[in-house]
Structure formats: C-alpha cells, structure tokens
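Going down the list, the protein sequences come from chains A and B. Once you know that position 100 of the first sequence is 100 in the working numbering, the rest is easy, because the numbers rise by one and skip nothing. Once you know that position 75 of the second sequence is 75 in the working numbering, the rest is easy, because the numbers rise by one and skip nothing.
Simulated from the structure, these hints should not be mistaken for lab results. Certain hints may be false.
Partial list, computed: chain B residues near chain A (C-beta under 7 Å) [as the list claims (entries may be wrong)]: (1) 31; (2) 60; (3) 69; (4) 160; (5) 162; (6) 194.
Note that this is a predicted model, so its numbers are computed, not measured. A virtual CB, placed ideally from N, CA and C, is assigned to each residue, including glycine.
Residue-level listing of the chains:
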Amino acid sequence: MSTAWAAVVVIGAATVAIKAAGPVLAGGRELPDRLGGVVELLAPAVLAALVVTQAVGGDEELVIDERLAGVGVAAVAIALKAPILVSVTTAAVVTALLRLAT
Amino acid sequence: MAVGLFGVSFGVLAGSAGFEPLAAVVMSVTTFAGSAQFAAISVLGAGGTLAAAVGAAVLLNARYGPMGLAAAPAFEGSVWRRLLQSQLVVDEAWALSIVEEERGRRFDRRILVGAGLLLYAAWVAGTTAGVIAGGALGDPEDLGLDAAFPALFLALLVGQLGSRPAATAALVGGAIALVLIPVAPAGVPVIVAVAACLIGLRGREERS
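Isolated chain A, as found in the complex:
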C-alpha cells in the first residue's frame, strides 16, 4: 500500500472515531476544565506551526523564497478581511508571478 493510501485509511479511521466518540458514548457531559482548556488550544497551535513549516520550511533548513512573499501578501488580504479563497488564490498568484519574473 502506498503512503498516500495508508494515510487515507488511518486518518479516515481516526477521524470517524474522534467524531463519533461524543454522540455515541456520552450523554452531553462537559469536559473537565483543564482538559477542555488544552483541547481548545490544539487547533491554533497546530495551525500556526503548519503556517511556519509550509512558508519557510525546507529539507531540514529554512528556505526563504517566493512562497514567503506570496504568503505575506495573503496575510495583508486576510487582515483586510478578504474571503479565505481570495486570500489563498492571491498567495498562489503572487508566488507564480514572482517565479515567472526571476
């Protein structure tokens, strides 16, 4: 099985289990405060790390290239409350144009 298919199967099974846990097992109890506090912060921590690794990450090195410029322009678009799709497209277009120019 290829790595891609393995990822599809394992992530699919894990996601089904995570989503089903509450509705199947529980009667709507709230999480203990401390655990809830930690889980609430998972998404921002992981997303921020993904932004950094995808914007400047290379093969065990920092890579500053056209990507970062594209993401920077997208950040401005996001700050101006542009729709997500517009911001993402902006990043790709800016990066592609810079690569064309260099």
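With chain A's structure known, arrange chain B on it following the hints.
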C-alpha cells in the same frame, strides 16, 4: 459554495502532493475534515513520514472530540444512526446549529445534519472536480500552489484566535516550529509545536 471551491483546491493540491485521484476522493468521502486533510497532504508532499502526517491530522481533528461531546444531547436514535450523523460534525455545521436559549445553549440536530449534508456533498463534489482539473494544470510550483497551503492555514488560524490563550498558543507553536525546522526531519516540528497547547492547563477562560 466556498466549501465546494475548497474541495476543488484540495483535489488539485492532493494531486500535486503525489496522491492518486481515487485516494484524494476517498479521503474526502471518509474523513470529511478539511484542515486535517490539507495538513496531511502538505506534510506528505513536503517529504514528511506517514506518522507525521497522521499525527498532524489527528491533532487538528482532536477538537471534534469535545465538540461532539458538547453536541451529544442533540443526537438521538440507534448507535448506528448517531455514528453516521456524528460524521457530519464539521466546524461550520456545528457552529450554525447552536441555538441560544434563556436556559443556556443547545444544539439543533436538524440544522446540524442539514448543513453537514450540504457541506459534505459540496466537499466531495469539489474534490472530484479538483483531481480531474489538477491533472491538466502542470507543475504545481510554477502555479505557486506551494504558497497556497501556508496562506490557507493562516486564514484558518485567524478564525481560531478568539481568546488570549489561543493567540499565545499560536505564537508559541509557531516559534517552536521555526526553531525546529533546521534541525528536525519534516513533520516533527509540527508535532512538537503541539506542546504549546499545554498552556491551556490553566483552564478555560472567557472568550473575548
């Protein structure tokens, strides 16, 4: 609509990350969690291991545990019915189904299931269109698609920064990743950055 277009971009990007078309579509059918799917293909596309991709995706999806728990009273019927309907819980459907009442908030199952089904159909259809279109596009780097990932994660991140602990966790997580990139294999920086969420041990604060 927007979800459908995201599905298209997932299909295109999955192809550029080395996923065969059927694998991308099957993933959207079985996983139905956009940010985790994007995270997994971006880690694999950047040369990360299977474990790192699964780790990043599972950590991003962990929020569906407590979200499902919160919405649990809205789910009725047999175990199988609840299991199937629980798969429709995604951020947008979950948030839409919250009904504020005088004695607190509750979740409306009909809104949750209805919105979830619409989003699901758009997501799967979009992915299918994306993998078909993606093959015709050429080199993803020429198109700047490698910049689309971090821009997307940034946009999703901004939507998560509703409280001071969330902003702190994001800053710390990003800093950990930045420091580890030059010294750790692809995928590892994201996993270690999760430690940033431990600042939540102080307990929940009111959202500002």
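Open item on the list: Let's test the interface hint: is any C-beta of chain A closer than 7 Å to that of residue 69 (chain B)?
Closed with: holds, 4 Å
Open item on the list: Under 7 Å is the threshold here; is the Cβ of residue 160 (chain B) close enough to any Cβ of chain A for the hint to stand?
Closed with: For residue 160 (chain B), the interface hint holds, since the closest Cβ of chain A sits about 4 Å away, which is under 7 Å.
Task: residue 162 (chain B) as an interface hint toward chain A, with CB separation required under 7 Å - done: violated, 9 Å
Task: Restraint check, 7 Å cut-off on beta carbons, for residue 194 (chain B) near chain A - done: holds, 6 Å
Open item on the list: Does the closest beta carbon of chain A sit nearer than 7 Å to the beta carbon of residue 31 (chain B)?
Closed with: holds, 5 Å
Open item on the list: Would the hint on residue 60 (chain B) be counted as holding, given a Cβ-Cβ threshold of 7 Å to chain A?
Closed with: holds, 5 Å
When the structure is compared with the earlier hints, a violation turns up for hint 5 alone.
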